[in-house]
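Trainee: Sequence:
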Amino acid sequence: MSTVLHTPPQTPAPAEADLTALAARHGLSVSGARPSLPEYVRQLWARRHFITAFATAKLTAQYSQAKLGQVWQVMTPLLNAAVYYFIFGVLLGTKHGVPDYIPFLVTGVFIWTFTQSSIMAGTRAISGNLGLVRALHFPRAALPISFCLQQLQQLMFSMGALVVILLCFGVPVSASWLLALPALFLQFTFNAGISMVMARMGAKTPDIAQLMPFVLRTWMYVSGVMWSIDKLAQKDSLPHVVKVALATNPAAVYIDLMRFALIDSFHASQLPAHVWAIAAGWALLAGVGGFIYFWKAEETYGRG
Numbered sequence: 001m002s003t004v005l006h007t008p009p010q011t012p013a014p015a016e017a018d019l020t021a022l023a024a025r026h027g028l029s030v031s032g033a034r035p036s037l038p039e040y041v042r043q044l045w046a047r048r049h050f051i052t053a054f055a056t057a058k059l060t061a062q063y064s065q066a067k068l069g070q071v072w073q074v075m076t077p078l079l080n081a082a083v084y085y086f087i088f089g090v091l092l093g094t095k096h097g098v099p100d101y102i103p104f105l106v107t108g109v110f111i112w113t114f115t116q117s118s119i120m121a122g123t124r125a126i127s128g129n130l131g132l133v134r135a136l137h138f139p140r141a142a143l144p145i146s147f148c149l150q151q152l153q154q155l156m157f158s159m160g161a162l163v164v165i166l167l168c169f170g171v172p173v174s175a176s177w178l179l180a181l182p183a184l185f186l187q188f189t190f191n192a193g194i195s196m197v198m199a200r201m202g203a204k205t206p207d208i209a210q211l212m213p214f215v216l217r218t219w220m221y222v223s224g225v226m227w228s229i230d231k232l233a234q235k236d237s238l239p240h241v242v243k244v245a246l247a248t249n250p251a252a253v254y255i256d257l258m259r260f261a262l263i264d265s266f267h268a269s270q271l272p273a274h275v276w277a278i279a280a281g282w283a284l285l286a287g288v289g290g291f292i293y294f295w296k297a298e299e300t301y302g303r304g
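Going letter by letter, the sequence shown gives residues 1 to 304 in full-length UniProt numbering.
These aren't lab readings, by the way, just hints derived from the structure by calculation.
It is possible that some hints are incorrect.
[Unchecked claim] Calculated pairs, DSSO-like style, for lysine-lysine (alpha carbon to alpha carbon, straight line, at most 30 Å):
# : residue 1 : residue 2
1 : Lys243    : Lys231
2 : Lys243    : Lys95
3 : Lys58     : Lys204
4 : Lys296    : Lys204
Remember, predicted model here, so these are calculated numbers, not experimental data.
Working from the sequences, and respecting the hints, build out all of it.
Mentor: Take a look at the structure:
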């Protein structure tokens, strides 16, 4: 005698489209879904107080273990400038033919350090804060922006020392110093955009953080931090395309704008043509492009 087992008919699983429609009817949405770009901007603006508080807290904690504390915010770029002066200014002779070389050099070091530190911090903004990213819901762009704001705050401390150096070397106070404000705003926008690009890349490939110091060091050497791009461009042996590339290098543009604003011996003739348009163009390209590039991967940060 045989027994026949009857298996109850299987109910087909609802299609993904049906589930999505069902969730939408009941006001449900995908967890961690990327908001629209306008909504993302609104969410980011709503967290502006968190961004500034986070930047200030990171800046305060940065040198909390050092005996000199916040003094290192000024001492670090000054010591770098002293090393560069000895190697490049004295040993390699780049100071010859450059008026007010020490103010020229210190300004370049301080402004370059702002860009360098912002990009390095941005590279680790997501990968170095996974606990925060996974624990709290907030627009992830707040992290690279806050790190750039932290570096801007640190630059403000350094600018106090820079003003003292300028005055000690006979550079007079002038109305052109006010041009430093729009120059710094454009540089901050550029730095924030590049930091967001690097934050997305660093979140996916953390090893990029190990490569960035070499990339940034090479970038520094071609940005006229320790030498005059204008003086080099006067050499006929240098191809025209190289001269244009050096002059429109965004790091060099922002450095030279600050030199033009602060040092009276640095004249407008030493700047590339349409320099403010170039500076604004780099800031717009990096700021808007970097923000959109970062936003497109918003839902992937902290996963996997």
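Trainee: Hey, Lys243 versus Lys95, does the alpha-carbon distance stay inside 30 Å?
Mentor: With Cα atoms ~20 Å apart, Lys243 and Lys95 stay inside 30 Å; holds.
Trainee: Straight-line Cα separation of Lys296 and Lys204 no greater than 30 Å?
Mentor: holds (13 Å)
Trainee: Is Lys58 close enough to Lys204, meaning Cα to Cα at most 30 Å?
Mentor: Holds. Lys58 to Lys204 sits at ~24 Å (cutoff 30 Å).
Trainee: Are Lys243 and Lys231 close enough, with their CA atoms no more than 30 Å apart?
Mentor: OK: Lys243 and Lys231 at ~11 Å, within 30 Å.
Violated hints: none; the structure is consistent with every hint.
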